[in-house]
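So the protein sequences, as listed, match chains U and H. All residue numbers for the first sequence refer to my numbering, where the first residue is -9 and numbers rise by one. All residue numbers for the second sequence refer to my numbering, where the first residue is -9 and numbers rise by one.
Note that these hints are calculated values from the structure, not bench results. Bear in mind the structure is a predicted one, so any value in this text is a computation, not a measurement. Careful: at least some of the hints might be erroneous.
Heads up, the list lumps identical chains together, so a pair's fine if it works in one copy or across two of them.
PhoX-like cross-link-like pairs, simulated, lysine-lysine; straight-line CA separation at most 20 Å [to be verified]: (1) Lys246 with Lys(-8); (2) Lys246 with Lys1; (3) Lys316 with Lys246; (4) Lys(-8) with Lys379; (5) Lys379 with Lys316; (6) Lys379 with Lys246; (7) Lys316 with Lys47; (8) Lys316 with Lys374; (9) Lys47 with Lys(-8); (10) Lys316 with Lys1; (11) Lys374 with Lys(-8).
There are 2 protein chains.
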Amino acid sequence: MKIADRMVSIKPFEVMAILARARQLEAAGLDIIHMEIGEPDFPPPPLMIEAAHQQLKNNPLRYTAAAGLEPLREALSADYQRRYGLRLDPRRIFLTPGASGALMLALGVLVNPSDHVLIADPGYPCYPNFIRLFEGIPRRIPVGPDSGFNLSAAGVRDAFDERTRGIILASPSNPTGTVLSAGALHALVSEVMAHQGFLVSDEIYHGLEYGVPSDSALTVSDEVFVINSFSKFYGMTGWRLGWMVVPDAFVDAVEKLAQNLFIAAPTLPQLVAVHAFDPRNLLELEARRQVLLERRNVLRDGLLELGFQLPANPEGAFYIYADVSKWGPDSGWLAHHLLEEAGVAVTPGRDFGDHDPERYLRFCYTAPVPRIQEGLERIAHFLKVWDPKR
Amino acid sequence: MKIADRMVSIKPFEVMAILARARQLEAAGLDIIHMEIGEPDFPPPPLMIEAAHQQLKNNPLRYTAAAGLEPLREALSADYQRRYGLRLDPRRIFLTPGASGALMLALGVLVNPSDHVLIADPGYPCYPNFIRLFEGIPRRIPVGPDSGFNLSAAGVRDAFDERTRGIILASPSNPTGTVLSAGALHALVSEVMAHQGFLVSDEIYHGLEYGVPSDSALTVSDEVFVINSFSKFYGMTGWRLGWMVVPDAFVDAVEKLAQNLFIAAPTLPQLVAVHAFDPRNLLELEARRQVLLERRNVLRDGLLELGFQLPANPEGAFYIYADVSKWGPDSGWLAHHLLEEAGVAVTPGRDFGDHDPERYLRFCYTAPVPRIQEGLERIAHFLKVWDPKR
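For reference, chain U alone in the conformation it holds in the complex:
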């Protein structure tokens, strides 16, 4: 009995080890500022909690259909109309166990063994691992300031060859917080379509933009897979409910794969999420976005003042990707000492790819402003005595 070969290339999250060490230090009585976790400190929105209490009283919480509850598929369709001016047949919308479940379904119906799939480097650490799960080959495209730290039409044109089957795109991006412009998105989707490739657009941070809009890939083409979730913008991380919009021709394949892999997404979150589009809830979410904007400004300005370089313009999600190369050749080493000596937890670039990861740290602005300020003070203090050569 031995471990399957694919597991050699599937990597654990670096951030999990950092979080575990941070918890250890906390258990030993130390105070840690958490800038490593991509999960804001907000409780679930009050209207969601209220809806959950109601449903617990009345609903037997049995399995739903594999594709999800009809009223929720219809509510999501209506939200695409409201948000992006799109008309989507609810048949094309599948509820999934988190956006992770959506990614699994998309790649499961798309990737054959040895297929190449293009992804941005840096990018979300799970993408290459999902591709490898299906014996595909992730091809990391180095991205930097010139393309807003994301895939571009030109980059895809250069990289697409006969083994390439498609791309995974994410905007706003984790770990950089950058947002693709409508023009760049349009060019990119069109480029992939011209190659008859598949496009999986991870739109999980949509709604969390600060001053710039995010367009859905669906505004460019119906022939794309769009992934989203109630975790980030809707503030329901632990509920594990995501969704996916698929092209018409893939509805049957995705449905039978969902039946087999999940049976169905969890029922209570589906019943609750129908109320996520209530105007009162949307007001609450807008207030939270304003709070995140303020946190973003405090962290961004503080990091700039300390001399950090921010080549990735942090306009979305809750991440800042900072160039820390002036403090030494290895951001992992810096992150280690920031946690151990300053009590500030951040994630080194190597969690997100192979493209100059040692230059970068990812900072999350998921903690309240006073904690961010305290973190900045600790970093300032730490850097005064920091010697990368020791």
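Model the placement of chain H on the given structure of chain U, informed by the hints.
Same frame as chain U, but now just chain H:
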């Protein structure tokens, strides 16, 4: 952009099409007796609902660690001690999105492309599809009355060759409701261990036995993967919470795969499930088991009286697998007409494999006794005028 090759061999659930047609007939005003769905009509246990209300008031419901909440892993470990006299390190216990998530993790860390995996035919329809997901090859072993409609040590000895990597075992079995004896289980696990194969034991129906005990494969060896869930015995289907016990050497691989594929199992169900082992809840579950036993007896005796043959002794889960060959050569045809003309929904054998499926129908005793009796009367009436040749 085309559908991945694996999707050709991944089949939809037959039972879902039947359920959809039954719902259509209901929408048209007809009354349908549901004997097709493997989900009892019980609401969630009251103590679980109470715990959910409590947690909604106080808990922010963030992501848990990928392996799950520590108190729940410890509670499960204690339950293995109580139920089977086993001492399990909680590190070996992973909470998953349903038993489906556990099956995904197990096969993901075990199956390489082209590996053969042995499964019982008839068996749970998802097993072969999970194996194909990882480019493995399901090998269906025809099983019948002589081995209690399950895999046996002798059957595994005959089938195991150089391409075989392991087996998936399920007792109590879906669709047959049969339960392996302690002796048969011991011999089977030992046989697989002797071949150095992997053994995934699906114990999702444990606790739902009627007069016979179910032993866990863990009582024979620590080197097995055991899958279970809060769906069936604990009555929490739509909550989507399962678990898996893994061998020590696989803990790290399973943890990193869980991080990547799921992030974590849903949080509220985990918080609630800690209370599943409360003696008051266990009393409620025992009362439900008694109700299922009564339903089993009514359905079994009724089917026997109508002349159905029951070669599979229904001692567990909530299934009866009946030989209906005396009413024609095709159980699918019979199931179709039972639904359309008698308003009784059942699942034909072809949902569960290739071994004589046209001889069998699966009946579920998940509905109340009066509904089962009404179903039996309708079947009796229907069979009086049934002519399989039309």
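These are the hints, each one checked on the structure:
For the homomeric pair Lys246 and Lys(-8), the shortest alpha-carbon distance between copies (16 Å) is at most 20 Å, but the shortest distance inside one copy (30 Å) is not. In this assembly of identical chains, Lys246 and Lys1 lie within 20 Å of each other by CA distance solely across copies; the values are 7 Å between and 29 Å within a copy. In the homo-oligomer, the alpha carbons of Lys316 and Lys246 never lie at most 20 Å apart, since the shortest distance is 52 Å inside one protomer and 33 Å across protomers. With identical chains, the CA atoms of Lys(-8) and Lys379 are never at most 20 Å apart, being 41 Å at best within one copy and 53 Å at best between copies.
For the homomeric pair Lys379 and Lys316, the shortest alpha-carbon distance inside one copy (13 Å) is at most 20 Å, but the shortest distance between copies (84 Å) is not. Proximity of Lys379 to Lys246 under the C-alpha cut-off of 20 Å is found in neither arrangement, the shortest distances being 56 Å within a copy and 32 Å between copies. In the homo-oligomer, the alpha carbons of Lys316 and Lys47 never lie at most 20 Å apart, since the shortest distance is 58 Å inside one protomer and 47 Å across protomers. Taking identical chains as interchangeable, the C-alpha atoms of Lys316 and Lys374 lie at most 20 Å apart only when both belong to the same chain, with a minimum of 13 Å there against 88 Å between chains.
In this homomeric assembly, Lys47 and Lys(-8) never come within 20 Å of each other (Cα to Cα): the closest approach is 47 Å inside a single copy and 45 Å across copies. Taking the shortest alpha-carbon separations for Lys316 and Lys1, neither the intra-copy value of 28 Å nor the inter-copy value of 56 Å comes in at or below 20 Å. Proximity of Lys374 to Lys(-8) under the C-alpha cut-off of 20 Å is found in neither arrangement, the shortest distances being 50 Å within a copy and 56 Å between copies.
In this structure, the hints that do not hold are numbers 3, 4, 6, 7, 9, 10 and 11, in rising order.
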